[in-house]
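There are 4 protein chains.
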Amino acid sequence: MAESFGVALLGAGRMGMEHARTLLGIVEARVLAVADPNLEAAEAARSLLRAERAYPEPLEALGHPGVEAVVIATPTETHARYIQAAAEAGKAIFCEKPVAKELGETRRVLEVVEHKGVPFQIGFQRRYDPAYLEAKRRIEAGEIGPVEQFIAVMRDPAPAPLDYLKTSGGIFVDQAIHDIDCARYLVGEVEAVHAWGAVRVDPRIGEIGDVDTTNLSLRFANGALGVIQNSRRAVYGYDVRTEVFGAKGKLVMDATPKTPLWRYGQGVQADHYHFFMDRFKEAYRLELTAFFQALREGRPPSPGPKDALEALRVALAATQSLKEGRVVRLEEVV
Amino acid sequence: MAESFGVALLGAGRMGMEHARTLLGIVEARVLAVADPNLEAAEAARSLLRAERAYPEPLEALGHPGVEAVVIATPTETHARYIQAAAEAGKAIFCEKPVAKELGETRRVLEVVEHKGVPFQIGFQRRYDPAYLEAKRRIEAGEIGPVEQFIAVMRDPAPAPLDYLKTSGGIFVDQAIHDIDCARYLVGEVEAVHAWGAVRVDPRIGEIGDVDTTNLSLRFANGALGVIQNSRRAVYGYDVRTEVFGAKGKLVMDATPKTPLWRYGQGVQADHYHFFMDRFKEAYRLELTAFFQALREGRPPSPGPKDALEALRVALAATQSLKEGRVVRLEEVV
Amino acid sequence: MAESFGVALLGAGRMGMEHARTLLGIVEARVLAVADPNLEAAEAARSLLRAERAYPEPLEALGHPGVEAVVIATPTETHARYIQAAAEAGKAIFCEKPVAKELGETRRVLEVVEHKGVPFQIGFQRRYDPAYLEAKRRIEAGEIGPVEQFIAVMRDPAPAPLDYLKTSGGIFVDQAIHDIDCARYLVGEVEAVHAWGAVRVDPRIGEIGDVDTTNLSLRFANGALGVIQNSRRAVYGYDVRTEVFGAKGKLVMDATPKTPLWRYGQGVQADHYHFFMDRFKEAYRLELTAFFQALREGRPPSPGPKDALEALRVALAATQSLKEGRVVRLEEVV
Amino acid sequence: MAESFGVALLGAGRMGMEHARTLLGIVEARVLAVADPNLEAAEAARSLLRAERAYPEPLEALGHPGVEAVVIATPTETHARYIQAAAEAGKAIFCEKPVAKELGETRRVLEVVEHKGVPFQIGFQRRYDPAYLEAKRRIEAGEIGPVEQFIAVMRDPAPAPLDYLKTSGGIFVDQAIHDIDCARYLVGEVEAVHAWGAVRVDPRIGEIGDVDTTNLSLRFANGALGVIQNSRRAVYGYDVRTEVFGAKGKLVMDATPKTPLWRYGQGVQADHYHFFMDRFKEAYRLELTAFFQALREGRPPSPGPKDALEALRVALAATQSLKEGRVVRLEEVV
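Just so you know, the protein sequences line up as chains Z, L, W and S, in that order.
Under our numbering, the first residue of the first sequence is numbered 1, with each subsequent residue one higher.
Under our numbering, the first residue of the second sequence is numbered 335, with each subsequent residue one higher.
Under our numbering, the first residue of the third sequence is numbered 669, with each subsequent residue one higher.
Under our numbering, the first residue of the fourth sequence is numbered 1003, with each subsequent residue one higher.
Calculated from the structure, these hints are not laboratory results.
None of these values were measured; they are calculated from a predicted model.
Positions of the beta carbon are idealized from the N, C-alpha and C atoms, including for glycine.
27 Å max Cα-Cα, derived DSSO-like pairs, lysine-lysine: (1) S:K1283 / L:K470; (2) S:K1250 / W:K834; (3) Z:K258 / W:K916; (4) W:K926 / S:K1260; (5) S:K1260 / L:K615; (6) L:K592 / S:K1138; (7) S:K1260 / Z:K258; (8) S:K1138 / L:K615; (9) S:K1260 / W:K916; (10) Z:K281 / W:K926; (11) L:K582 / S:K1260; (12) L:K592 / Z:K248; (13) W:K804 / Z:K281; (14) L:K500 / Z:K248; (15) L:K615 / S:K1283; (16) Z:K323 / L:K657; (17) Z:K258 / L:K582; (18) W:K916 / S:K1168; (19) Z:K136 / W:K949; (20) W:K949 / W:K974; (21) L:K592 / S:K1250; (22) S:K1325 / W:K991; (23) S:K1260 / L:K470; (24) S:K1250 / W:K926; (25) W:K926 / Z:K136; (26) W:K926 / Z:K258; (27) W:K769 / W:K784; (28) S:K1260 / L:K592; (29) L:K582 / Z:K166; (30) W:K949 / Z:K281; (31) L:K592 / W:K926; (32) W:K949 / Z:K258; (33) Z:K248 / W:K926; (34) Z:K97 / Z:K116; (35) Z:K258 / L:K592.
To give an idea of the interface, some chain S residues facing chain Z are shown, with a C-beta separation under 10 Å as derived from the structure: (36) Y1238; (37) D1241; (38) P1259; (39) W1264; (40) R1265.
In isolation and in its complexed conformation, chain Z is listed as follows (with noise of 0.2 Å):
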């Protein structure tokens, strides 16, 4: 492939927009088309991006004269159906998660990505946030040992709107499994799972058949253990703690206040941040980056199709294990 890549922006809403700032300083990529069904916000990226031309359908844009590579960041029941045309197109993806909210689909779509040998890479942007970038590399160097413990918090602010709720496959699959990515990425493959989940924040998020607090425990296959508690409501806002723990010392990551500024007066404040895009704003940057370094040096990015395939395994073993109140082994879930 060249030293620069054609693009087309799939998806012009607020992630997708993230993503057309961070494209613009890639010198990598060039976005030629837009793509999004709200043809302003589309001609608005566009124009950002000096694209060369805004579509109202993602598949057009696809076919767009020039396009190697694709940006997908539409709404998550749409990503199989781009990610599948991408892939029988030949273009290298870069997809927001999840691929699918369905074991079934999510397997025959990565199937098609593999089969087609396509470079793929799955929105887990966390992988790229410098203090988990480094905590893996720390890992790596076996700086704290063989991992015994993990425990990861991530709590949003709010929840989102009950209609997005409905359909967004259960806290597991929506939220938590950010976390179990992170876990698999820090730690190693989970065996087995155990979950409680508790209506604590709305209950019609328990009306939909869902729960909005849950701890979820994992047994992993080298023996380490672990836990992921998730809420869909921190009132201070967007909290994310993860904490690694080995032999020979731990890792934590957690980046409180969001601003370096602090207040004297009732004791000692500090701020915290609300948003996971303002905490996330540098992952969002280097995984994009990440995604076409790969494609210039010819090597497949990451994380990719297991990674995304296997983060949802898991998932769906904690719905599982929450809905039959029992262990769950991953075997289970196939």
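Following the hints, position chains L, W and S against chain Z.
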């Protein structure tokens, strides 16, 4: 009762001496007798405390003229015997945890205590740590709203000697019980548990039928969810962190560093607690002070018999869950 | 003026490229021309910015058709010339600090700016750092009451090359000036200074008549007292800490660590910023964004000519105080 | 000398009682006599300490049979008299700072101490705070290389009563002296000072000829530069922060928060020390312990007569600099 109380200190080992130094500063306590089979230790404590007599036999010290209260800091397996003797003799009792490792014996001894109506306090010192005390106050004041999630981590710097571990009752009864009491104190009664354990620190711990690395999930009667993670070893020291999350905020208790000195060289660096008696020095002082205040004011001291019993029941439920690989409801532990 | 502005970027070195990346994302800025004597660098910036033309000579770029604003990031000694040329040509001006190292030349050039009435912003980027912005907002809102004390520390990781230092105007004009501007921004005008300096880092800095370690006391017109401490070297990195103390509280700006990752091993450890462009990355982005917003809204940008001049006067007063070993009042610096 | 020492405690006020509680736990100290004009207070201390007798008159307590050492915690203006009497009687002396407010009297009394050869320790307790102790150790071990800069901040929560301030000797002699001793301890001898002061907290402080807000620049004999900032009031509490910067790194002593409890609600929040006896509780305990250890081992205790004298000289130089508006060299203060 009078303004000050005649006291017998049973046990002049490490913890006994810590209590001795505290007793020096408590005006309500006049230590009259000290007992330790190691008569030299007993005599050292007697001298420091300017007590009347040192005994090799705790039961004799208990009978020393004028003794109205006992502070029991003898080896674990002797607690039940001395509690029972003291209760039968009508003395007020402060005893290091646990009463006993078995539910039956614990219940039997505490029934004597209740029947005799003597004041009884169990040494869950963490309740008196200023951070935990203040957390309790804030939770009761409604500052974080109804509690929804709980996370407790406690890791010892290194495993106790194997001979001790053999008779310790297992990691949940011996170590996790402090976090369990903390969970009951800050959140409420536990309804069900799910435990996983692993042998990661020392294979000999596995050989004696115990584990050294655990992940204990808690479901509380009030609907909250929680987790306790323990390890028998942390190279960086004694690691105690507790997080209580509610509808209106969260509280985190984490005393790092030990010394408020930051070194800037390779990045920024500070130290860490290595010893539980350092971390909870003030708590040990305050719990004993509170015991004698309660005596003086004629109030039942706290934590009391029920706290001793219920924490043990949760620990035993965890032990059972670990063995049977399933969720255990507290009502099963009778 | 229109909604977007034709821009010439003068200088495509390290800071010029940083501004180039920022300009990419500012919709009000269309970079038409780039200039750098190093034509390869100029061409790289032009390509990234999709600008119309790269020039070796800044004055030519300034005359490129459609250019309405200039961003000056050329070597310090050329600032005055390009500011003057841009002002005379009626362009809006953003210029890296300083205008010039001498008071006379600074005053002369800024008089042209004022006379021509062109918008002018000096690159005291720290005013746009989120922590300092928020501190300013809180001070103006009265949160800490009247300011009474000020402390600023800035230490560079290592001295600049000796050839640079020779022409830098001395440590107060070159380095302290950022803290001086910060003092004026957060506290108010300086009335008198007392400076001490020492050569502790590199004797060659003494040989060229400068110092590398300073302690600058400030008395403000409003009665507050302050201190600025600078060093040309800090082994742990770029050290910037500012504390503003008032009748109702204090604010501390201190961005440590850089990466929100804590390693527990030998105590607890985190990293530190090593590079001012990392520490103030967001500030550099925000200052340029603010410049173009001001242009669009027809407001004078800030910090403006007076800020450039007054900070220099304080730095020159400090230089004089150091030489003469006495308190220097600002009114002496004319 | 013997293994334990007969002690007279002079003064049973707030600080005297603090020392009383410490003395209880020091096996080398047997308090025989307590003195306080407030006989009730004296009796309370006597009872706590199980001492032989309470006196209204310190000089009588000093003569109590068996007394070998005195702990002086009487009002400042009486220190000199009791030090002199104790020295003449051959007693070892621990005395709260200062010896006296005037240089002449201080010198005169300390000459008696030296002439009599009695052990003498002055109550600069901060030297025994674990953070400062460890900082000293690290500096001496060369961890931060030669010291180049020093910053000390100390702000009291609120001014002492005006009647006290009137006779306090001024802010440098009364308050800054702790930071001055700290500077001498961690950096070395002071060669020259430049002081600025302002009345910002309470105009009545100005009316009695003192200031309440200061900025004191220090030049050390070894070439380092430093600053001490003091204020008589900080709404958030007792503010003590010290920074020592050297060629190989820096050390920061800053004990915030007091309680290791973080509340997440409106951002993140913790408390602050409000009382110097809380912040330095351990230091008060350790300084007295060290005094008796020195007695037992026959070593001169530290900080000693020279430390008492030299800190006063720096404080007087600062006072003179403030009045005369110029740099004052220490050699001028004789």
